[in-house]
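With chain A fixed as given, assemble chain B onto it according to the hints.
Number of protein chains: 2
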Amino acid sequence: MLSLHALPEKTIERLSQYRRVLLKISKQQNKDNIFSHEIASILHITSVQVRRDLMLIGYSGSQRKGYQIKMLIQLISSIIDAKNGQRIALVGVGNLGSAIIPYLNSKKKSKLQIIASFDINPDKINRKISGVNCYHLDELPSIIKKENITIGIITAPDDAAWSIAEMLISAGIKGILNFTSTSLRILNKNVFVEEYDMITLLEKVAYFANK
Amino acid sequence: MLSLHALPEKTIERLSQYRRVLLKISKQQNKDNIFSHEIASILHITSVQVRRDLMLIGYSGSQRKGYQIKMLIQLISSIIDAKNGQRIALVGVGNLGSAIIPYLNSKKKSKLQIIASFDINPDKINRKISGVNCYHLDELPSIIKKENITIGIITAPDDAAWSIAEMLISAGIKGILNFTSTSLRILNKNVFVEEYDMITLLEKVAYFANK
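These protein sequence lines are chains A and B, in that order. Take 523 as the starting number for the first sequence in this note's numbering and just add one per residue. Take 523 as the starting number for the second sequence in this note's numbering and just add one per residue.
The shape of chain A in the complex, shown without the other chains:
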């Protein structure tokens, strides 16, 4: 039985990982079924964890044969993916932003596509960058609505992050992946924010690498 409540964050992260493992196996191997311990060993987690997550989404598999790979992919997709996919806006088309567009959009079958980007640099505006139209930031509210965009990625400078997040949220965005160092967590309880600050994490790695 699927719960109507949202699943825990960590479960969602692992379901996303399981699906990628399963998609790869279904492409590379002539294999219909898989056991929890096989998934677990690829991801270096415990098979108890895998079984618990899959029980949570209502699939317990067969003790003799394990899980049906195709069915499991479909089930996970039905939970993770929005039915008609979700459209993403990226704000801040610098070094990082312009690299993330091709990286994310190269996953062809992904239900998640960056379909618009925004900047304030005249050299970038009204051009296609990595295959995606770049608009002036002022056009953000209208494009978000017109294009049915529900997710924002912020790759702008730190001190612009807060005002950009406010623009995105006013325009109706429901989730934000924030690459800046400005924490947006306390912004709005109805919008899901994931912090993804590369420089800070790299400096943290460096600190502990030096201990």
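Calculated from the structure, these hints are not laboratory results. Think of the CB as a built atom: it goes at the ideal place given N, C-alpha and C, for glycine as much as any other residue. Please note that a few of the clues may not be correct.
Stated by the list, open to error - Simulated restraints on C-beta separations:
{"#": "1", "chain 1": "A", "residue 1": "L578", "chain 2": "B", "residue 2": "P663", "range": "38 to 44 Å"}
{"#": "2", "chain 1": "B", "residue 1": "S632", "chain 2": "A", "residue 2": "N710", "range": "31 to 37 Å"}
{"#": "3", "chain 1": "B", "residue 1": "I642", "chain 2": "A", "residue 2": "L578", "range": "36 to 42 Å"}
{"#": "4", "chain 1": "B", "residue 1": "N552", "chain 2": "A", "residue 2": "I642", "range": "24 to 30 Å"}
{"#": "5", "chain 1": "B", "residue 1": "Q590", "chain 2": "A", "residue 2": "I642", "range": "29 to 35 Å"}
{"#": "6", "chain 1": "A", "residue 1": "Q590", "chain 2": "B", "residue 2": "D660", "range": "37 to 43 Å"}
As the list claims (entries may be wrong) - Pulled from the structure, derived: some chain A residues nowhere near chain B, Cβ distances all over 12 Å:
{"#": "7", "residue": "L529"}
{"#": "8", "residue": "Q539"}
{"#": "9", "residue": "R541"}
{"#": "10", "residue": "S569"}
{"#": "11", "residue": "V570"}
{"#": "12", "residue": "R574"}
{"#": "13", "residue": "L597"}
{"#": "14", "residue": "A621"}
{"#": "15", "residue": "K629"}
{"#": "16", "residue": "S632"}
{"#": "17", "residue": "A638"}
{"#": "18", "residue": "I642"}
{"#": "19", "residue": "D660"}
{"#": "20", "residue": "K668"}
{"#": "21", "residue": "M689"}
{"#": "22", "residue": "S692"}
Just chain B now, with coordinates in the frame of chain A:
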């Protein structure tokens, strides 16, 4: 007084953020001192948090004038940065890897520099990519040692992550920033690993954005 023990992970993350705020202010404004509430308001955290972190590193500032900006930058740097900087190897020079090199190396004054990259694609090997030499993966152990590299960034495909991490660790790496979906947490207690899996986090944002 500085403690000889490692500071908490979250404190290190915030110190890294404070330093970036302070560097920006010292560049943009003619200002010698700053109060905890000013730093706090830029980062949207509480001033109590700022004061507590800075007490941990032994600087309590002056009640009347706040913290001296230059001194605070120096103090944080003396804690976060290794004295002679740290050298980074990036493994997997695909879309994402080749984008991260210029993004990270563009921070000119950073003590952290990517100075070698590795791949197995013959088209990439023995070329400079984004200004950094790309070597064959087989050369990783010797280059890491020769170049005194202490940090690894993994931007390779998921199923190569584990063996690359093992190579990096055998070669003497002390910290890893892992962009793949393969968790490396349980790998080795003497090596600090930070997981940084963009696709998984984006799928998580998408899931909660759709609730």
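Taking the hints in turn, this is what the structure says about them:
For L578 (chain A) paired with P663 (chain B), a C-beta distance near 42 Å keeps the hint of 38 to 44 Å intact. Range check, S632 (chain B) to N710 (chain A): Cβ separation about 33 Å, and the 31 to 37 Å hint holds. A beta carbon spacing of about 38 Å between I642 (chain B) and L578 (chain A) agrees with the range 36 to 42 Å that was offered as a hint. In this structure the hint that N552 (chain B) and I642 (chain A) lie 24 to 30 Å apart at CB holds, the actual value being about 26 Å.
Between Q590 (chain B) and I642 (chain A) the CB atoms are about 34 Å apart, so this pair conforms to the stated range of 29 to 35 Å. Hint check: Q590 (chain A) to D660 (chain B), Cβ distance near 40 Å, so the stated range 37 to 43 Å holds. Listed as a non-interface residue, L529 (chain A) fails to keep its Cβ farther than 12 Å from every Cβ of chain B; the least gap is roughly 8 Å. Its closest Cβ contact with chain B, about 5 Å, brings Q539 (chain A) to no more than 12 Å, contrary to its assignment away from the interface.
With a cut of 12 Å on Cβ distances, R541 (chain A) falls inside the contact zone with chain B, its closest approach being about 8 Å. Taking the minimum C-beta to C-beta distance to chain B, about 14 Å, the non-interface status of S569 (chain A) holds against the 12 Å cut. Listed as outside the interface, V570 (chain A) is consistent with that label: its C-beta sits roughly 14 Å from the nearest C-beta of chain B, beyond the 12 Å cut-off. Its beta-carbon lying about 16 Å from the closest one in chain B, R574 (chain A) satisfies the requirement of being farther than 12 Å from that chain.
At roughly 14 Å, the least C-beta separation between L597 (chain A) and chain B is larger than 12 Å, which holds for a residue marked as non-interface. A beta-carbon of chain B is positioned within 12 Å of the beta-carbon of A621 (chain A); the least distance is around 3 Å. A beta-carbon of chain B comes within 12 Å of the beta-carbon of K629 (chain A); the shortest separation is about 7 Å. A Cβ of chain B approaches the Cβ of S632 (chain A) within 12 Å, the least distance being about 8 Å, so the stated non-interface status is violated.
A cut-off of 12 Å between C-beta atoms confirms that A638 (chain A) is not in contact with chain B; the least separation is 16 Å. Chain B leaves I642 (chain A) outside its interface by the beta-carbon criterion, the shortest separation being 18 Å against a cut-off of 12 Å. Residue placement check: D660 (chain A) keeps its beta carbon more than 12 Å from all beta carbons of chain B (closest about 24 Å). For K668 (chain A), the requirement that its beta carbon stay farther than 12 Å from each beta carbon of chain B is met, with the minimum near 18 Å.
Non-interface status of M689 (chain A) relative to chain B is upheld: no Cβ of that chain comes within 12 Å, the nearest being about 16 Å off. With a least CB separation of 16 Å from chain B, S692 (chain A) remains clear of the 12 Å interface cut-off, as annotated.
The structure is inconsistent with the numbered hints 7, 8, 9, 14, 15 and 16, although it conforms to all the rest.
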